[in-house]
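Q: Residue numbers (the UniProt record's numbering), protein chains in the order written: chain A, 1 to 497; chain B, 1 to 306.
Read the hints as simulated data drawn from the structure, not as lab findings.
Owing to the predicted nature of the structure, the values given are computational and were not obtained by experimental measurement.
Treat the hints loosely; a few may be bogus.
Unchecked claim - To be clear about the criterion: a stretch of chain A counts as covered by chain B if any three or more of its residues have a C-beta under 8 Å from a C-beta of chain B, and this derived list gives those stretches:
hint: 1; region: 37 to 45
hint: 2; region: 225 to 235
hint: 3; region: 245 to 252
Unchecked claim - Among chain A residues calculated to face chain B with C-beta under 10 Å, some are:
hint: 4; residue: Lys-119
hint: 5; residue: Asp-220
hint: 6; residue: Ser-419
hint: 7; residue: Leu-446
hint: 8; residue: Ala-447
Quick reminder that beta carbons are idealized off the backbone N, C-alpha and C, glycines included.
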Amino acid sequence: MSVRLTSIAAVLLTLASSAAFAQSKDALTIDLSGDAATLDPHLQWDTNSYSIYRNIFDNLLTRNPAGEIVPQIAKSWKYADDKTIEFEIRDDVTFQDGSKLTAEDVAFSINRIIDPKLKSPQLTQFDQISKAEVSGPNKVTMTTKSAYPALLAQLVKLSIVPKAYVEKVGDQEFNAKPLGSGPYKLANWQKGVQTELEAYGSYWRVKPPFAKVTFRTVPDASTRLADLKTGKADLIGGVTPDQAAGMKSETAIKVLSAPTERVGYLYINAEAGPTKDVRVRQAIAYAIDRSALIEALLAGYGNPVNIVGAKPIFGYTDKVEGYAYDPEKAKALVKEAGAEGAKLEFLTSPAYNRATIEAIQQMINEVGLNVEIASSDQATFLKRRQGEPANAGSMAFGAWSCACQDADGIIFPLFRSGSIWAKYKNPQYDALVDGARVTLDKNERLAKYEQAYQILKDDVPGIGLYQAFAIYGANTKLNWTPTANEAMFVTDMSWQQ
Amino acid sequence: MLRYAVQRLIQAVIAIFGVLTIVFVVMHFSGDPTLLLVPPDASAQMIAELRHQLGFDQPLWVQYLNYLGGLIRFDFGQSVVQRIPAIDIVMSRVPYTMMLAGGAIVVAVGIGIPAGIMMATRRGGWLERVLTAIVVTGQSVPTFLSGILLIFVFAVTLRWLPTSGSGDFASLIMPSVALGALSMSTFARMTRISIIDELGKDYVRAGRARGLSMGSVVTRHVLRNAAIPVITIAALEIGNLLAGAVIVETVFAWPGIGQLAIQSIQSRDFLVVQVIVLLISFVYVLTSVAADFVYALVDPRIRLAR
């Protein structure tokens, strides 16, 4: 009797579990390190915020998996002249309240984000646009202040918001209850806890793969990993290189990683202190063993770079040779410059990984210099780093991404004289990066950036260290390929039964 | 009593005023807060504009008066990041922090006081040794370690409890234990010491001489007298628990004000940080005043002393 009961129970269990397997997965849970700061896509653009709201909104343009700029809300575009570009807008897109997305909404979205009154933190990315106007049925004409080659790369991040709704409810209410034309609509936003999205049935592009998506706020990396292991989360962001190395032995979960456009770099003060001598700067460049940094600190989740920039950016060149690790040459240069034992101040703040800073310090000390780490709070750090060269220390580490995949967004702010970050002056360099900023001719731009990178190599106002990887942990059943721009589009994901 | 109360209240007001001033000074001398608010590629012009909008270009004393004026009107400013009033953001997290502090107090008092009583009355036995080990562990294992250990054992390995979250009662258990452990040890030690103190007094011997059992002497007389120092500690521990949950809240993804503080610091949302610092200081001042009152209420010697 008992045997029979057990076998019946076993059969029932098998049935129950196979039934569960047969159902498609309809709720996806993603653990992020923080909540969205705003769901108004024209306000904050930190990774956590846009991971969430880019699923609620469509962008004017987007990037395909290969990283190329392709149409999304704009069907096509053409330049009328260097400063005027006309977009044709799709006419089959609706917002999640059923209203139609029109050229009016597109023009409104652009004019809204460039309006200084909105005080958008993204303003610097769009402030080259002077205006946008509806120029016909489904046509929007955009004017830039001068010829602006990075325009399309920036418009990849421009979310289209509904004019009528935003004007009706106001900015504050729109942020609390966003409404877009994307594949998912907001179901419930428990600030600081989780954001629940549900599929928008009439989405124009594809059928959203999951009926419900929940983004949870889990600040601690170990807890996110525990959530993934226990199945509480299907996908987790912000995995550390150590964790990723440890996850490789697991079977139910996997590591997903992608090289990004973010580049780890070392700024070196070319205008003050011992590093004013170019030989000292070159010595520092020769002293750093990039492969060792990547192996020891990033567990292999990084690629060495030859320049301050990585492959996914426009303007990247492999024709400029980087500095190979050569401590002997570095020592010789230090000697030649008469800088043995020179005191170099290494500025940093708790925002940067201490182990990285110390490893770099060690490497530079080994070639005969004397690096002292000056750690302060972020506000003081920025004040010094962005202030007068004489007070800006000798070097600082950083990880830069403009989220625009263009050299203009990296080496212009970092090294163009007059920029708050630059502690370097070279009129020849300035002319090149200025020139590359105002021409639409791709080949001319590439040539200019190649020359600019060559000058940076010779003058060493900074060096590229590594291309950073975005690392995620996922259930083995989740299919998804992360991209260079650290986007998290749920429509690119699927569940394997 | 009235005189004592007025004195303590005046002291509290001075303390809170001091905190307000220190917060202001620290914020304005550690660097220009504007730099923290702008994106890294901001132009000098944009920085200047924002500095003007936020009033950071005004003389320091004007800013100080504006700041105090705002506080009087209960206006703590708007979160620069989330674009909603900073006070609303903080207040939405207070219930979670109170829930967690409540759970931790239940753990601390529920385990700590009985353990203290046992340790005092069963001295020298195996039970005392076991309890001592627990108490020492509770006070010496840091929460970032105990939190992760709890998750590993009870959530990942045994799968009894959820790894993180705040939706249900089950997810309150581990954070409460992790947070309450230190206070539990404090309660256990205090209870043990004050009971041992009392046990040496004449009234205990007198009670035993009258033929009362040890158990009834303890429950009827000793506990009541030993409670006085424990109550004082309790009031101070409440302050600690409300303010000291930063790590536990981060580890367990518990959305209280400790976690909010870390997030706000990271996202450079300094007005929210300021509200949190004020709130925590306020709680500390308030609980220590409350402790003084309770102490004075139960012990007339305090309120009569000059």
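Q: Compare the structure with each hint and give your call.
A: Comparing the hints with the structure gives:
Restraint check on the region 37 to 45 of chain A versus chain B: 5 residues with Cβ-Cβ distances below 8 Å, three needed, restraint holds. Beta-carbon proximity to chain B at under 8 Å applies to 5 residues in the region 225 to 235 of chain A; the threshold of 3 is reached and the given coverage holds. With 0 residues having a Cβ less than 8 Å from any Cβ of chain B, the region 245 to 252 of chain A misses the three-residue criterion, and the hint is violated. Interface hint status for A/Lys-119: upheld, as the beta-carbon distance to the closest one in chain B is roughly 8 Å, under 10 Å.
About 5 Å separates the beta-carbon of A/Asp-220 from the nearest beta-carbon of chain B, less than 10 Å, and the hint is met. Interface hint status for A/Ser-419: upheld, as the beta-carbon distance to the closest one in chain B is roughly 8 Å, under 10 Å. Checking A/Leu-446 against chain B by beta carbon gives a least distance of about 22 Å; that is not within 10 Å, so the hint is violated. The beta carbon of A/Ala-447 is not positioned within 10 Å of any beta carbon in chain B (closest approach about 24 Å), and the interface hint is therefore violated.
Hints 3, 7, 8 from the earlier list are contradicted by this structure; the remaining hints agree with it.
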